[in-house]
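Engineer: Sequence lines, in order, name chains X and H.
Heads up, the first sequence is in our numbering, so the first residue is 1 and it goes up one at a time.
Heads up, the second sequence is in our numbering, so the first residue is 1001 and it goes up one at a time.
Misleading hints may appear alongside valid ones.
A few chain X residues that face chain H, going by a derived Cβ cut-off under 10 Å, partial list only [unchecked claim]:
no., residue
1, A203
2, P207
3, A210
4, A286
5, K287
6, A303
7, D336
8, L338
9, A340
10, A342
11, V344
12, R357
13, F367
Bear in mind the hints are in silico, worked out from the structure with no lab data behind them.
In this text, a Cβ means the ideal position worked out from N, Cα and C, and glycines have one as well.
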Amino acid sequence: MTTKPEMTASEIASAVAGRKMLALDATEAALARIKQHDGVLNSFTDVTADRARAKARAIDADIAAGKEVGPLAGVPFAVKNLFDVAGLSTRAGSKINRDLAPAKRDATLIERLEAAGAVLVGALNMGEYAYDFTGENVHDGPSRNPHDTTRMTGGSSGGSGSAVGGALVPIALGSDTNGSIRVPSSFCGIFGLKPTYGRLSRARSFPFVASLDHLGPFARSVTDLALAYDAMQGPDADDGACTTRGLEPTLPLLANPVSDLRIAIAGGYFQKNVFPEAVEAVSRVAKALGATQVVDVPEAARARAAAYVITTTEGASLHLDRLRKRPNDFDPAVRDRLIAGAMVPAPLVDRAQKFRRRYRAQLAEIFRSVDVLIAPATPCTAPKLGQVNFNLDGVELPVRANIGIHTQPISFIGLPVVAVPVPLEPLPIGVQIICAPWREDIALRVAYALEQMGVVAAPAPRGL
Amino acid sequence: MAEPLDDYIDAVSEALALPVEEAWRPAVRANLEVSLRLARLVDEFALPDETEPAPIFTA
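Work the whole structure out from these sequences, hints included.
Structural biologist: Here it is as structure tokens:
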């Protein structure tokens, strides 16, 4: 059986476990595709070819010996370069971190995916220290959008979006503090899962904002997203915020009907400052699901503001010593934001954290009467690389500050979201499927139903 | 002419031993103005005295 770039993770795992394909062939195919296209996409910062081949050979040996292999046997994957990869310095998109000693042990989520048979092929480009929505990086160059390489991938998990959108790997991992999984998913036309805050372990990943950081997977199909997510669940004493809940597998529930779910469109704030593409995408998803009810999400603008304040101040605290000692080694735009963050008076930060609890209670009330909220993932399709402003209804608005306006009020209170890609022409755009805490199963079920209806899909990369 | 936040930036820079070179000052000031504008939006929201902040410390 030959490999094809569009093979999903579940197809690869099934072929490998069924002895129709070698894990080594799947790995070589991914490495060849990276070699062929990453000169343009710039999604990888490290390719771990030797390690990948050794892992793939071990899987093939296990299969030949009749041993059981995991549900991701032979599936190539890559991780945002803020995940610890044994033997590599965890650069987190920065110049400064390249001086760190190489990591001694992989991040928990890498260990869990590899325990399920997946094969790590490398680390991925990202915005510096994850303080970014564009996917641009002054040290490594921008990751590029696989549908139009003159455009942004979105950030900060830009390399993850580019690598999966470009079908270099079927699965990638990223982080999402304010939208960094959902924004690249939207711009690159792929599926992304930002789980509930605390669901997946962040152990041995480089942090940004401890009270807002989440890790999660990207994929080209909902089944693959669920496969990866299920393999990574579980408590982890190495992450103080990680839940002690047991495994709650989602894969067996994907095909359950969605007709019993109460699905509503997020109104008010979430219907403002959007381009026609985002309106069209939400409309298609809502129509397919039979959702007509519009639910206002009160105080979403204030929630976004509070998320901004907590992000800039916690980020500044994290980097304070580096800002003192090596200010000229930062991306100047990141440095200047962080310095400003260090200067925000403490009472305003405390109030933002108190407002957060209040807002959480308001959203919990909404989720008593609905199961799912639908909202745009981004206000627009991928802007041009380096684009500073966009024009919305005759008003010039800064791109960077507005890309994450619809994701920030959701991650602010840790709700689980699946970003689903609506394959509009000429560029795809994402929609957020938002659920109550710990209900990733519902978000994935709805995403799967939309995929089965043909409303959402990861389009073949058009820029390659 | 000095901008309204310049004295504040100088004072915090000194208090935190956090250098702010002259060339960075306009961008730092612009970012601080955005942060303070958004923080004011949060500050305006009346909260009961007993409101707990979101992060929970578990002993």
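Engineer: Hint by hint, note whether the structure agrees.
Structural biologist: Each hint, compared with the structure:
1. Evaluation of the A203 (chain X) hint against chain H yields a violated restraint, the C-beta minimum of about 17 Å exceeding 10 Å.
2. Because the smallest distance between the Cβ of P207 (chain X) and any Cβ of chain H comes to about 14 Å, over 10 Å, the interface hint for this residue is violated.
3. Because the smallest distance between the Cβ of A210 (chain X) and any Cβ of chain H comes to about 8 Å, under 10 Å, the interface hint for this residue holds.
4. For A286 (chain X), the interface hint is violated, since its Cβ never comes within 10 Å of a Cβ in chain H; the closest pair sits about 29 Å apart.
5. Given the 10 Å rule on beta carbons, the hint for K287 (chain X) is violated: about 34 Å separates it from the nearest Cβ of chain H.
6. This hint holds: A303 (chain X) has a C-beta 9 Å from the nearest C-beta of chain H, less than the 10 Å allowed.
7. Checking D336 (chain X) against chain H: minimum C-beta separation of about 4 Å stays under 10 Å; hint holds.
8. Because the smallest distance between the Cβ of L338 (chain X) and any Cβ of chain H comes to about 9 Å, under 10 Å, the interface hint for this residue holds.
9. Restraint check, A340 (chain X) versus chain H: the minimum CB separation of about 4 Å is within 10 Å; hint holds.
10. With its C-beta approaching chain H no nearer than about 6 Å, A342 (chain X) sits inside the 10 Å limit, and its interface hint holds.
11. Of the supplied interface hints, the one on V344 (chain X) holds, with its beta-carbon coming within about 5 Å of a beta-carbon of chain H, less than 10 Å.
12. The beta carbon of R357 (chain X) is positioned within 10 Å of a beta carbon in chain H (closest approach about 5 Å), and the interface hint is therefore held.
13. Given hint, F367 (chain X) at the interface with chain H, is violated; its Cβ is 17 Å from that chain's nearest Cβ, farther than 10 Å.
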